[in-house]
Every structure is written in structure tokens, then in C-alpha cells.
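Count the sequence shown with my numbering and you get residues 99 to 239, in order.
For the record, the hints were derived by calculation from the structure and aren't laboratory data.
Model, not experiment: these values are computed from the prediction.
Please note that a few of the clues may not be correct.
[Claimed, not checked] Straight-line alpha carbon distances no greater than 30 angstroms define the calculated BS3-like cross-link-like pairs of lysine-lysine that follow:
{"id": "1", "residue 1": "220", "residue 2": "184"}
{"id": "2", "residue 1": "182", "residue 2": "120"}
{"id": "3", "residue 1": "184", "residue 2": "120"}
{"id": "4", "residue 1": "128", "residue 2": "184"}
{"id": "5", "residue 1": "178", "residue 2": "147"}
{"id": "6", "residue 1": "182", "residue 2": "128"}
{"id": "7", "residue 1": "120", "residue 2": "178"}
{"id": "8", "residue 1": "147", "residue 2": "123"}
{"id": "9", "residue 1": "224", "residue 2": "123"}
{"id": "10", "residue 1": "224", "residue 2": "128"}
{"id": "11", "residue 1": "220", "residue 2": "123"}
{"id": "12", "residue 1": "220", "residue 2": "147"}
{"id": "13", "residue 1": "178", "residue 2": "134"}
{"id": "14", "residue 1": "220", "residue 2": "134"}
{"id": "15", "residue 1": "134", "residue 2": "147"}
{"id": "16", "residue 1": "178", "residue 2": "119"}
{"id": "17", "residue 1": "178", "residue 2": "224"}
{"id": "18", "residue 1": "120", "residue 2": "224"}
{"id": "19", "residue 1": "123", "residue 2": "182"}
{"id": "20", "residue 1": "147", "residue 2": "120"}
{"id": "21", "residue 1": "182", "residue 2": "134"}
{"id": "22", "residue 1": "123", "residue 2": "184"}
{"id": "23", "residue 1": "123", "residue 2": "178"}
{"id": "24", "residue 1": "220", "residue 2": "128"}
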Amino acid sequence: MLKPGVVNRRLVGEVISRLEKKGFKIVGLKLVHPTKELAAAHYAEHQGKPFYDGLINYLVSGPVVAIALQADDCVALVRKLVGKTKPTEAEPGTIRGDYCTHTERNIIHASDSDESAERELKLWFKDEEIFDWTDCEAGWY
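Produce the complete structure using the sequences and hints provided.
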């Protein structure tokens, strides 16, 4: 998910381009203005933590771009490309390393496991909004 900071900074195309250039297949994509309920469901595992309220408030502050990706080892590869959560630890060349300076304004969310990805995709997409299409470039990445 590309968070409100990406949309507000006009970086959506840049970030999606990096995901596509890596070889991820986009099977779902949409602009959503999340409700507090959706944000709370998405970040349920963080409820009660000191940063939770700020995280929810940031997520509902504007539209986000929900993205469903496919690739072999998709979760691990996305997390590698995205970089570490703390900007001071995110390597240059990663999305967070190149575009993020504040942890609380982290610009992108990446699922941390296949199980989380499944749960999160069900929150953001209906079954009919996921399109598994034939990728003629498959195997070239």
C-alpha cells in the first residue's frame, strides 16, 4: 500500500514503476480513502502500542493506493525493495531509503508474511478486483 505521503508528494508513478521494473506483476490496483475502521483492521496487531493512534490518523489523512502484487517469493522481495521501516536504517536504493525521512510518515506498507498478505488483501480487495492475467514476460526477471 502506498500511503498518503506518496499520493501527496506525487510519487505514485515513481514507486509503482520501481515495483514493475523489479518484475512484480500487478494483479490489483486502486485508490482508496480508508476509513478508521479499515485502518484499524489493517493495523490490528499494533493496537495498544504507543504509535498506533498516529499510524491510524496518518493512514486516514488522505487517499492510499492499494496494490496486489504477484511474484515468486513476493513478500520477501517486496520487503527487500521497500527497505527497513526506520528511515535511518533503510538503505539507499530502497523505496524507504530514497523517499522517507520520518518513521511516522512512512510512505509504504509491505506485508510481513504470506499470512498477513492474505489477510490484508481481503481487507482492501474484493475477489473480483484481483486479476490473474498471463504475463508474457514471466521468466525474464
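Now the hints, each set against the structure:
no. : hint         : in the structure
1   : 220 with 184 : holds (27 angstroms)
2   : 182 with 120 : holds (18 angstroms)
3   : 184 with 120 : holds (22 angstroms)
4   : 128 with 184 : holds (26 angstroms)
5   : 178 with 147 : holds (25 angstroms)
6   : 182 with 128 : holds (25 angstroms)
7   : 120 with 178 : holds (11 angstroms)
8   : 147 with 123 : violated (34 angstroms)
9   : 224 with 123 : holds (18 angstroms)
10  : 224 with 128 : holds (11 angstroms)
11  : 220 with 123 : holds (18 angstroms)
12  : 220 with 147 : holds (24 angstroms)
13  : 178 with 134 : holds (29 angstroms)
14  : 220 with 134 : holds (17 angstroms)
15  : 134 with 147 : holds (16 angstroms)
16  : 178 with 119 : holds (14 angstroms)
17  : 178 with 224 : holds (27 angstroms)
18  : 120 with 224 : holds (26 angstroms)
19  : 123 with 182 : holds (22 angstroms)
20  : 147 with 120 : violated (34 angstroms)
21  : 182 with 134 : holds (25 angstroms)
22  : 123 with 184 : holds (27 angstroms)
23  : 123 with 178 : holds (16 angstroms)
24  : 220 with 128 : holds (14 angstroms)
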